[in-house]
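Starting from the known structure of chain B, fit chains R, U and S onto it as the hints suggest.
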Amino acid sequence: MNALGIIFSYSERENLRELTKRRTLASLPIAGKYRVIDFHLSNFVNDGIYDVSVIAKNNYHSLTDHLGAGKEWDLIRKRGGLRILTPFARHDSEKPGIYRGSIEALAYNMHSIRRSMAEYVVLTGSSILCNVDYKDLIETHIRTNADVTTVFTKQKGALGGIPQGVAIMNFDENNRLTNIGLETEENNTGDVNWGLDIFVVRKSLLESLVADAMSYGRFDFNEDIIKRLISNLTFQGYEYNGYLLEVNTVAGYIQASMSFLDPYVRAKVFQRPIYTKNKDSVPTRYYDGCYVNHSIISDGCRIEGTVENSILSRGVRVAKNAIVKNSVIMQNTEIMRDVTLDHVILDKDVIVREYRSLSGHATYPVIVEKGSIV
Amino acid sequence: MNALGIIFSYSERENLRELTKRRTLASLPIAGKYRVIDFHLSNFVNDGIYDVSVIAKNNYHSLTDHLGAGKEWDLIRKRGGLRILTPFARHDSEKPGIYRGSIEALAYNMHSIRRSMAEYVVLTGSSILCNVDYKDLIETHIRTNADVTTVFTKQKGALGGIPQGVAIMNFDENNRLTNIGLETEENNTGDVNWGLDIFVVRKSLLESLVADAMSYGRFDFNEDIIKRLISNLTFQGYEYNGYLLEVNTVAGYIQASMSFLDPYVRAKVFQRPIYTKNKDSVPTRYYDGCYVNHSIISDGCRIEGTVENSILSRGVRVAKNAIVKNSVIMQNTEIMRDVTLDHVILDKDVIVREYRSLSGHATYPVIVEKGSIV
Amino acid sequence: MPYRQNRQMVAMLLAGGQGSRLGVLTNKVAKPAVPFGGKYRIIDFPLSNCVNSGIDTVGVLTQYQPLELNAYIGSGQPWDLDRQNGGVFILPPYVKGKSGEWYKGTANAIFQNINFIDLYEPEYVLILSGDHIYKMNYQLMLKEHIAKQADCTIAVLQVPWEEASRFGVMSVDNDFKIQEFEEKPENPRSNLASMGVYIFSWAKLKEYLQKDELNPESQNDFGKDLIPSMLSKNEKMYAYEFKGYWKDVGTIESLWDANMDLLLANAPIELDDPPWRIYSRNANMPPQYIGTNAILVNASISDGCNIDGTIENSILFPGVKVESGAVVSNSVLFSGAVVKQNAVVEHAILAEDCIINERAHIGQAKRTEAAEGPKKISVVGQDTVVEAAAVVYAGESVEGIITKEVRE
Amino acid sequence: MPYRQNRQMVAMLLAGGQGSRLGVLTNKVAKPAVPFGGKYRIIDFPLSNCVNSGIDTVGVLTQYQPLELNAYIGSGQPWDLDRQNGGVFILPPYVKGKSGEWYKGTANAIFQNINFIDLYEPEYVLILSGDHIYKMNYQLMLKEHIAKQADCTIAVLQVPWEEASRFGVMSVDNDFKIQEFEEKPENPRSNLASMGVYIFSWAKLKEYLQKDELNPESQNDFGKDLIPSMLSKNEKMYAYEFKGYWKDVGTIESLWDANMDLLLANAPIELDDPPWRIYSRNANMPPQYIGTNAILVNASISDGCNIDGTIENSILFPGVKVESGAVVSNSVLFSGAVVKQNAVVEHAILAEDCIINERAHIGQAKRTEAAEGPKKISVVGQDTVVEAAAVVYAGESVEGIITKEVRE
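Protein chains in written order, with the numbering used here: chain B, 58 to 431; chain R, 58 to 431; chain U, 7 to 414; chain S, 7 to 414.
One chain only, chain B, in its complex shape (with noise of 0.2 Å):
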């Protein structure tokens, strides 16, 4: 494919707590041996985009330490490849920092952008999961001669309604975009299109578009260059109707998790690979005496005890009479004997000793923080 793909490691309006505190929303776990980027980058390369940039603002050790050098993807390329952008790379390396808004993360990107021989770009968030067909999508807006495609949605969260933030948008009968507001209600029920933050434009137009929105102080791409530019420009809508997981808060992202436990979202997601970086673990061994009923389990854990509803990841150590109900279980943890977890995040490397019991809720999980022993 002759596009550019680039990838917002980072949301603006995320809320994630802990998980958050040291590494950047791309590289949350999820779906047990997974982080969240992988989903992004595996959907560019299974259309055939092997040129990704991904834009990283701070916090983003994790990020590049998972990402490595792009092999697992397939991204080591002579051309094009995968690209990490971190702030401090930049030429003028006087302002390092923070991105005033997605625009300016472009502007200060730009030189590397331009050296891309893609001739459109498709640019993605990261707090949504999907599974946009980029094919289609790229051949859609070249088709419908539109300057800009945006994808929208008209589904709900996963907790059913619209995630707050969002932009909502209103098309003509051509699929023209005719109006576009923020969403600003806290999960809005009703019936309106949504817009996935991902859109598609020719890499010349984001040039122009990028360094005249900057000339004017202006950053956000929704309020500074769609709205503003509406009756200017074709901005043209594409709806998606595949799988949406939305994992920009702590419920989201549980809710997000959790569903990887129906096998319907699971053939959906996993219908095309989805890669991530290779720990080379052993297979997971399960006891005597286990239980382990509707959970997912990665490779290289040891489970002596009970799991059950839940979403274990690579390297977990369940020691005999516990349990762990209803909970997402990062990398490297240690569940010792007797332990009793129900809702409970736990963060990478926690260590949870003989018979503590810790128990959240649906609506507010238990979060252990990396490292972490209790």
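These are computed hints drawn from the structure, not numbers from a lab.
All of these numbers come straight from a predicted model, not from anything done at the bench.
Every residue, glycine too, gets a C-beta built ideally from N, C-alpha and C.
Hints are supplied without guarantee of correctness; some may be wrong.
In silico contact screen, one side only, chain B against chain R (beta carbon under 10 Å); selected entries [as the list claims (entries may be wrong)]:
# : residue
1 : A126
2 : G127
3 : K128
4 : T143
5 : D337
Footprint (simulated), chain B over chain U, 3 or more residues, beta carbon under 8 Å [to be verified]:
# : region
6 : 281-290
7 : 301-314
Chains R, U and S only, in chain B's frame:
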């Protein structure tokens, strides 16, 4: 080799004028197709050290660009391999920026250094090109039961003296360090031992030395570790007698560059492979009417004019009647018809238009900044 | 290419064997590519041993059904053997001059690749085979070889006397100098068995390879020809005793046994061993899903499995599906095997992508057989479909579409 | 492995030819590994064409002296063909069941690898050979193939009528549908020559490969058997006219010619072409050094050369050394060739690492020969040493150690 190599990609005492305005010392082009760091990385790899960390401070964009994932140096590895440690990638990202000395640089990257499985650490700066036999160095370090082994030489630098700012060392008859001081004179030509900023130390000892120094707010390896602990620990000297090029100053840089015209230096330096980024260049074309004498020419050049006593990087064009003498010409520069250059350093991507003439002096060459049009 | 760096030791892995004693399991793949232990293949063990021993140049000699093996090895990246200098090389037989010649025997395979080895000008050559499960530091063996200034060092281990006649055995003196070597003797005089791991000084090996090639009587085999010939010329040959776990997996029974060893409470070989990791090519599957009806008793299960039945004392490779009501016990299921509702699989090896349909029974004891004694292992070949309610009796190997003997 | 992604088109590169018309140049390497153009090998052209055309799955069929070719291709990284899915695969002949079979002909080589192709379930298969220098976008040819719903599309180019009898030529109708195909006809009825580049619809090709294999009369060759047979059955076969530079480099003269083409003022093929780059494996040498006595007149010189003599109208591969007083003209010097003081090399190809000692003369015209006419090309084989003052006459090929005919 059971050792981790650490390269400081910058020098605290360099003065390379415009040449390091937008790059760190380690990514300075040299000897036609190489960057300074190629020599350091190749030395490690040639001696079997495949676990290498590069500490970057600022302006490291061109460095990360050059190194990529480390493919060309065979440093994409499951164990070890290449790691570029940038200040912004630190866990506690609230303090980005500048290290106050090599100890602080090590301290801030200790989380990564600690992960290496190597038992020994070899530290080196970037500004001195040489080829210490690391295998023998480490074996000597182990055999002599030294706490720290430091590499020194009696040789004079390229300009006939001892570089300013280096450590002057005295050893007893067993090569045990008895005294260390700082060279403050410019061009001391006396008969002294001076340090090449290469050290071997057991990793566990380095960790505690660094932690210790940090807790007292001490940041300089020579001053705050070696000098203070000279009577408590065993600092052993290891004499180096091979080739030696020093690039901390423009005069040193041009001297070091020109020394590649000496067949003896070339034979020594290229005795073992020096790896660099592959550019898929075509062979160099010499056209009717060109005249080339005593010069180093890299692949991908097109020469129609005269080149004498000069070093040309890849992709340089020298048009008809142009004369290039005593100069260092970096990558993708274009020297148009009837240009005359004498004692000039042209940085990358420079264009010198028809009939222009630039002329410097061996002790103060003209430097034309990257991307300039003259 | 210039600057080819010399190696102290190059490893040559004999991977050309057909492995006919593994029956249907090697119909479509070479023996070293046979799966083992839930996510590995046999060849992962010697390759990982090489890398973990610091040997980074490995020639893999193939000639039988190498397609899958070659694709599996690929660039060598999973074993960290994708090097700019050295790395892993597939070495098939080829045409020289006017005609080509297949590898006639293990020694001939090395003989035909003398040029390859010479590229690295090694002092020593390590000869390995792709038939064994073990973790071994070849560097320690090399140290011994050098210390004793040996021409050839053969790794050996003590086997029970009653099994000694299945191996090449050697009698040694106090210093482990080999006095006598017998290939599969009827009445073994020693129980030190050759592991098929040899270190030779390259100059000496080359000399004997060339001699052996000229000998029309020779079968060009290391055990049968080359080693006896060196011994008869009084070359300095030593045994190097290895004391860890080592298992020949050249037969269905031994392959099954070695898999079951991994499930023992005190497994004699531990794969979850970071400093001596066994590497393998990653299948890239989603994590496993354990359903609401699953019962797991001492099982090893890999990525991509979907388990809703009972798994007991079994090893499941990636992407295995076991439906509700099905029972899998004392079995090894290769990637993609499917066991449908209420089917039973016991004491069996199911090869890749086979389908055991509803109520079929693999490994059913024949009524005429005594209940005692070790159960015989059943094997279901790759892509085989066992129809609903069909029976495969204990010890049978089947392939294709199996409809026979509908159960009563 | 699961999730093997299907490909619209897979390329199969026939690299098994011995290339005997290249004489001493192919004694130790397969023809596709023969060096070309200062830093390339012939196979770089089809491989780079594939990558530049967006074809990322390439099988390379080897059987003759593949050691160097395999090492050269390696993981495919230089051509960006080290992919997790697809990439480049070396496909040697192998043993199936009890015995192995060498590739009998070009069609048989593909026949023996039907399983490999089927792994990717392609709709189309591109057949390439490793004998030609050209830059071609195979994707455009595929578009034509699809648009015409062809079973087979053959790339052709117009050759001078007098040369047509050296090729497979075809007569076509207005729509380029092939009416007739003749392999090296004495009296060609067309000057549209086959470039040896075919696109087949895979289902159709497989059908004909299987038929061809059963025909005991067949030589199992595309040009001689398979294509005529398809034509006789009225399959939809089209020619696709290619209009760029294309050169068969199967003989010493044509190889030399094609090299010299690169030195023309308006070179008919440009290698310095970033959007259609020809990739090659990097020799990793330091930059070249041009000494104080060097005279360079229209030369192409690569990394690692050390030049102190006169180079005229010649192509020097990496690491060539030409000492002072030596004259090299109208010649191609492969990697590592050394020309010592006052030696003369003219109209010659010097293979890798040969040494031309002081005052030797390569390519000297025989006194008996007429001065007119094109000069015949001399060839000095790999590692050959030409002793001081020895002479190799124009048109001679030499190998080994050459002492003959000390010059007067």
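Which of the stated hints cannot be reconciled with the structure, identified by number in ascending sequence?
none
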